[in-house]
Amino acid sequence: MTDGLRLDLLTITLGDRRLVDLDECIAPGEILTVMGPSGSGKSTLLSVLIGQPDQGFDVSGRVLLDGQDLQGMGPQARRIGLLFQDDLLFPHLSVGENLGFALPASVRGRAAREARIAAALEAADLAGFAARDPATLSGGQRARVALMRCLLSAPRALLLDEPFSRLDADLRRQMRDFVFGRVRAEGIPAILVTHDLEDALAAGGKVISPLGEVRQTAKPA
Amino acid sequence: MPSLEANRHAWLRLAPRLTIAVLLLPVGAGLAGVLAPAFGWYPALGGTNLSLDPWRALFAWPGLGGAIWLSVVTGLGATAISLLITVMICAAWQGTRAFGVIERALSPLLSVPHAAAAFGLAFLIAPSGWIARALSPWATGWDQPPDILITQDPWGLSLMAGLVVKEVPFLLLMTLAALGQVPARRSVLVSQTMGYGRMAGWVLTVLPRLYAQIRLPVYAVLAYSCSVIDVALILGPTRPSTLSVQVLEWLSDPDLSLRFQAAAGAILQLALVIGLLLLWRGGEAVAARLGCAAIRRGHRFAADRAARTLSMGLALIAALTVGLGILGLAVWSVAGFWTFPDLLPDQFTWRNWTRQSATVTGTALETVMIGAAATVISIGLTIACLEAEYRHGLRQTRRALWLLYLPLLVPQATFLIGLQTLAIGADLGGVRSTVIAAHVVFVLPYVFLSLSDPWRAWDSRQGLVAASLGAGANRILWRVRLPMLLRPVLAAAAVGFAVSVGQYLPTLLIGMGRVSTLTTEAVALSSGGDRRLIGVYALSQTIMPLIGFALALALPALLFRDRRGMLDRG
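Chains A and B, in that order, give the protein sequences.
Per the working numbering: the first sequence = residues 1 to 221.
Per the working numbering: the second sequence = residues 1001 to 1570.
Hint data in this document are derived by calculation from the structure and do not stem from the laboratory.
Treat the numbers as computed from the prediction; the structure is a model and nothing was measured.
Errors might be hidden in some of the hints.
To spell it out: a stretch of chain A is covered by chain B in this simulated footprint if at least three of its residues, at any positions, have a beta carbon under 8 angstroms from a beta carbon of chain B; those stretches are [as the list claims (entries may be wrong)]:
hint : stretch
1    : 75 to 82
2    : 96 to 109
3    : 166 to 180
Sample of chain A residues lacking proximity to chain B, with all beta carbon distances greater than 10 angstroms (derived) [stated by the list, open to error]:
hint : residue
4    : Asp86
5    : Ala118
6    : Asp133
7    : Leu211
We put the CB at the ideal spot given by N, CA and C, even for glycine.
Could you put the whole structure together from the sequences, leaning on the hints where they help?
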């Protein structure tokens, strides 16, 4: 199988301590959850997948995306989308400009680009928000913009780094449904990194530790 | 895993080295250029044999002892007093509402050029100055300015005062920057719960951790105070003057043979600064010991109310001195006839300005051109260095920080003299671009020090997110990082411009009278004593940096007026 994200015997060690040991396949639209306490190598795994490994770590194995070996590629060449617990919207750009930043240059023409941005906002229940200052949005609205910005860049895979931990319980449930729904609808392989069991179960996929121990097998959808 | 992107921008890796060269080469070349004539080597003046004659001439000068003593006293005195006031202010008030007031009162003083502050102080304390006028004749009985020497007093007291009012804001700012890395308030609170006075708690628990980070700024203040020229020309004693002023006098003497002696004097000035730095370093150890001894004895020093009030008073006096001084410059610049002891002139007139308008405008333009060019070069180099650091994961070492401070530690009076000799030899003296290059040596360290902290504090996840959205390193820099950091970048530029406007010796020595700025013109007027003219030039000199800081505040506020997330960042 070539579609999706494949971690091929990926190990990361620091000195003689093994932090990550994974051999996994994530099909399009599937979510793999990596769960563990802080300091267990989750963020190291993410930095390796993004293509910005921290210094001092030894990485072996391969990361394949749609059959392509990502070895030697920087973050902007990999086209792997990122969502953090902070929305990290660019504060100097409007909501629409934030989305425009992500939209590939191959989408040409002002009207076409604006239409794509408007459609993305609509899908996030934020129609008409393009000119707004991101700082004036609510936390949930900002989180939705951040996800749409990520999806507009047409990522081939998605990394979710504790994306819900800053949201309160109600919002959290809505946001989870929204994110997981979009991931499945767009058919993107995703890795969710979390220390929250509820998030992990809601993702509906396989739940493992950074060292590959299976906590929960995938639920049939 | 070096990516293709990194290879394409490998030239950025050279930026730190280029920057170091920009700082190091002039200092090194300048030292070489002054060392040679100090030992008789100056072919253009017929010195082709190495000899000790310059030194014999220097030591034969009868005023040498007095000049050295004066330099040592003003250097050590101004530094110790400035540091003491700074520490007192922080110890007494840090973390309180009053501290914010002090900070706001003192930080504008940073932008005032040294020479303008010195003139302002002189106008305040001179026998015919505002203080004497305010007290006359009802308290003093004077109906004429008394014939006493207050400015340029033989002990260098007014010189020290002129330095202190400028160095306290500088040290305070550096301390504030360092405070972010020390849990100061908690440490003081813990000490207070054990019964220690607030100030004692700060001095015993915060200062030891903080001092390592303000050590280099303190050394820069010491080196500067010991070798300063422009402030000493305005407020310092004559016959003997300080060593550096004397060296400059020999240098500008029509008798060219005195240049050898001047070079030897410049080397002596360097030795003096090195000696004082070593002495200060020893003093640090003694102070640390005293602190430890105090801790062992367990005195609580709980009664510090008087000291706290005193520190507040000193801070306000410093702010008031400079503020009233600038006001004095302004009043003199529009003063018509003004009799003693009236507080204000009998009439006001724009004549002092209109008569000078052509020259002032021309000199102001030259000042702006030099300042803007030096600032743009410094900002460019700084951003290139910081960006190289970010893209290639480099770390700034302690040694790099010392290199940054080198032009601030080696006395200007030493290496600029050598640089002038080389510039004359290369036929580059008196050219604007050479003056700009000389300014960069002093502007760059300040720009780098101002910008590096906010640049490094930028949330690098923003860069990661932008990269994951497909943006390359350059797009991230221009579209994300620079706009987000516009405020600190412009603030650093304003600092750099202010430093350039304030430069006296680089303009004087490298410009050789053919390139002059408001500062060189103002200081040149000091011996003439025409207060109206001094007022016009010194006030123009003060306004320049203020315009820079105003723009640095207004531009981001205007550009990002609809972006709440961009308020009060950095």
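Against the structure, the hints come out as follows:
| no. | hint | result |
| --- | --- | --- |
| 1 | 75 to 82 | holds (count 8) |
| 2 | 96 to 109 | holds (count 3) |
| 3 | 166 to 180 | violated (count 0) |
| 4 | Asp86 | 7 angstroms, violated |
| 5 | Ala118 | 19 angstroms, holds |
| 6 | Asp133 | 5 angstroms, violated |
| 7 | Leu211 | 23 angstroms, holds |
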